[in-house]
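Participant: These are the residues of each chain, in order.
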Amino acid sequence: MMTTSPTEREIFYQALTIRIRILIMIVSFFPMLLTTGILFYKFNQLYTEKMQTHTLELVQKHSLEIDTFLLEKLGNIRYVARQFDNNQPPSAFLKYHLENLRNEYGDVFTDLGLVNQNGIQFAYEGPFKLENADYSLAHWFINATQRPYYISDVFTGLRGYPHFIISIRIASADVNYILRATVNFGAFNSLVENIHIGKTGIAFIINTKGQLQTKKEISLNRAFVSFITDPRNYDDNETVFTRQQDDITGKKYLCVASMLKHINWLMVFRQDINDAFSELWKTQILTLICFIAGCIAILSVAFILPKSIVRRLSAADEKNEAMNQQVVESGRLATIGELAAGIAHEINNPVAIMIEEAGWMEDLLEEEESEGTKNMDEFKRSLKQINTQGKRCKEITHKLLSFARKNDSTTNDVQINDTIMEIVSLTAQMAKYNNVLIKTILNKNIPYIRISPSEMQQVILNLINNAIDAMEKTGGTITIETKISQIEANHLVITIEDDGPGIPKNNLDRIFDPFFTTKPVGKGTGLGLSICYGIIQKMGGKIDVNSQVGVGTRFRIWIPFQEETKKSI
Amino acid sequence: MNHINLLLVDDEKAFLDTLTKRLEKRGMNVTAVYSGQDALAELKTQKNFEVVILDVKMPQMDGIETLVEIKRQDPLIEVIMLTGHATVETAIDGMKLGAFDYLMKPCDLDVLIAKASEAADKKRIHEDKIIEARMKEITNRRP
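These protein sequence lines map, in sequence, to chains F and D. Counting from 1, position 223 in the first sequence corresponds to residue 223 in my numbering; the numbering is continuous, with no gaps. Counting from 1, position 143 in the second sequence corresponds to residue 712 in my numbering; the numbering is continuous, with no gaps.
Extracted from the complex, chain F is given alone in its bound form (with noise of 0.2 Å):
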């Protein structure tokens, strides 16, 4: 028998739970925690992988068809130096070769210049009026009086818009003069800013220096442009790949950085990180609200699952503790019914002597009468009333001895009706004497049933002798009836019936009630129906009573059978 207390029970209860409770969670949450961070680490890593691949491949090919580019107005520049011929006047020169280039490669060249070892422009064809302008001073004349070529950073100048300048040293025997060309600043910017991926991506050209080279305007910080042009960091393939966090709008970038070859210049492609990585994070995201979906989830029956499983489980744990009692119970019942079988047995003896101490009284005081004495009478009524509580005592015990006696209660496949037809020839005898007739209507095609017969027939006997005892006075008819029953499934129901005076309905609550009865003391113990409700309850059946007064009475009762042991007669 369990003996921990509701409260113990309870607290156990809610330890299961949440040890139920803690393992669902660690079960479910390992592997998708595992499998979400994974895939998402691994998802992550190849996307970003892939995109700089691309980025990169992107680059290197502008990079390169920027080099081209420049290679070619280098190439385009130094067959005009190799043309130049000292003969002819250095400005028909110029326009002549001015005129071609355009004719080729059109608005490519905007001017072309001749300028002496000096710094003075001495010739020029162009759109601007720079006939003896002064360079002894620029930066570029400088550059390029120590090279056989030169490519200038962007600068505005002496015309004051944004250009660069290509120019090759002439050094011959009599000239030392610089071919200087400047490049259309507009048709070289529109060959990087054609790069564009996505929304934000974009590309210009810085000098070393970190000064821009392209039309653009971006603001760029110190320790990033450092940081691309240190040539250490590069790889392989001469490219940069780097993050930069924007001063101003603290805006973050991607950025890839390439040399050009030719020219101290930097390719740099820049892309907002929100904009590059913006399918990444859609699917981040969508992992996301899976993973929480999931979470929800297990979160969900983490806290159901438990709860409906210790329910069950103490809805089971209190059924078999009810069975328990029960068990116990009926234990009990039996120790006790044992031992006041062995009281009455052992009373038996001594109040049967007493009977007959008082009878033997009784016969020699039937000598005496001729005497007469005074107290002749009492003492014969008295002697009287002990017989009759000795014969009273000895019904007490008798019904004890009955009712701890062991039944025997070995189950065998039983015909009810075969049963109920000895009960009832058994019981003809009395019926008759008074006045009550027995009828039955008995159902061929009832189930086997495996149940105890010897307690099979003292229900139906204790049924029918209460029956023919209730309607000693008036007679009347015992129905017997037996069939499938249609309210509880695979049962079957014994219905006894009597049309006798009834009992009343503050009886027929007690009715099942061990020491319950009606009948004048000394007449019944009040054990019958009880007995009948236990062993009708052993056989896992019901037994119910319906009783109007004036009416009669109704006993059912109902035994299970098996389907598969049905069988038909």
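A few of these clues could be false.
Calculated pairs, DMTMM-like style, for lysine to aspartate or glutamate (alpha carbon to alpha carbon, straight line, at most 25 Å) [what the hints assert, rightly or not]:
#1 LYS380/F / ASP679/D
#2 LYS616/D / GLU634/D
#3 LYS391/F / GLU634/D
No wet-lab data here; the hints were simulated from the structure.
Based on the hints, put chain D in the right spot on chain F.
Facilitator: Leaving out everything else, chain D in the frame of chain F:
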């Protein structure tokens, strides 16, 4: 009819003694013994018992054993089993083994006497029939 030769067998001495006195007072020839063995011994020495009243529950040799033995020695003797309630089944077994009837303890004296008389009557009728048959046999003998 009242002069029945009765043998009472019960281990409960107080009960048996009083019963003996009461039955003797009603004109019976009563012999009381307190065990099955004594009963068998008594039956051997005294041949004229008509009815034995035998308690079922006795130490050592119980009622059923005694009954079987009695019936083996003298099948014509009628035996009434005396029993507490718990041993009704045994009493029924006893009747199957040839006991005349059974009585429940404590028993009404009048009932006891009535049953004993019935048993004695039966035995007498039985014996009469045997004698008759004997006589018939003798008279029908051919020299």
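Participant: Could you work out which of the previously given hints the structure breaks and list their numbers from low to high?
Facilitator: 3
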